[in-house]
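Protein chains in written order, with the working numbering: chain P, 130 to 241; chain X, 2 to 109.
No lab work stands behind these hints: they were computed from the structure. It cannot be assumed that every hint is accurate.
Unchecked claim - Here are some, though not all, of the chain X residues that point toward chain P, as calculated from beta-carbon distances under 7 angstroms: (1) K3; (2) Y40; (3) S41; (4) G44; (5) P45; (6) S93; (7) G94.
All C-beta atoms, glycine included, are put in the ideal place defined by N, C-alpha and C.
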Amino acid sequence: KAGVTQTPRYLIKTRGQQVTLSCSPISGHRSVSWYQQTPGQGLQFLFEYFSETQRNKGNFPGRFSGRQFSNSRSEMNVSTLELGDSALYLCASSKGGGNEQFFGPGTRLTVL
Amino acid sequence: QKEVEQDPGPLSVPEGAIVSLNCTYSNSAFQYFMWYRQYSRKGPELLMYTYSSGNKEDGRFTAQVDKSSKYISLFIRDSQPSDSATYLCATSGTALIFGKGTTLSVSS
C-alpha cells in the first residue's frame, strides 16, 4: 500500500512570493492534515480537511490556506512568503480524521 | 505552560541499553497518546498508539501512560544503532499536539 506522498520535496523561494504544496493521502484515507515543523517550535498544526471541507484550523495567519479535492488530494498555499516560513511542511492522512495519522516525507521550504 | 512538554535531549546511550523517553501533558481530558519516530530528513512514523492509562508493548518498545500524573513514557529495550532518531510524543485534542521531540543516539 503506497504511503502519503508530497511534492515537491524541496523548494526555494524568495520573500513575497507564494508557494503551493501538494499532498496525496493513503488510498482510502479521507482526512488530510497539514503541519509545520521548525527547530524552534516543533510540529505545529496548520489545518485539517475532510471530504473537501476544512474541519479544523490551527493558529496561523490567513496567508496559510489549503483545499482538498474530491479524490482526497490536498494542497496548501502560502502567500506573501516571509523568512520565518522556512520550515518542513508535513502532510498526514487518516481514514476518518482520527488519531492514527500517517505522515508523508514533507516538503522542505526555504525562503530567502 | 505548553500542552505537551518533552525533554529535547540529546540522549546518547550504548547499544543494548534500555532507553526511557518521557513527556508530560497539561490537559487531563486528553485520552489518546502516540509516539512517533522521525529519522533525519524524513516524516514522522507512527510507532505506538495508546488509549487512556496503562501499558502497551510492541516488540522492543513499551508505551506507558499514567493519567494520574499526566505522564507518558516510551521504553526501548536492547537499543540498536538503527533506533537513533528523534522521538516525538503526541496527544490528541481537536488536532494532534506534539512535544518538541527527544533526539536519541545509540552507539555501537
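To see whether the hints hold, each was checked on the structure:
Nearest Cβ of chain P to the Cβ of K3 of chain X: about 9 angstroms, over the 7 angstroms cut. The hint is violated. The beta carbon of Y40 of chain X is not positioned within 7 angstroms of any beta carbon in chain P (closest approach about 10 angstroms), and the interface hint is therefore violated. The restraint placing S41 of chain X at the interface with chain P is violated, with a minimum CB-CB distance near 11 angstroms, outside the 7 angstroms limit. Here the hint on G44 of chain X is kept, as its CB sits about 4 angstroms from the closest CB of chain P, short of 7 angstroms.
Checking P45 of chain X against chain P: minimum C-beta separation of about 5 angstroms stays under 7 angstroms; hint holds. The beta carbon of S93 of chain X is positioned within 7 angstroms of a beta carbon in chain P (closest approach about 4 angstroms), and the interface hint is therefore held. This hint is violated: G94 of chain X has a C-beta 9 angstroms from the nearest C-beta of chain P, more than the 7 angstroms allowed.
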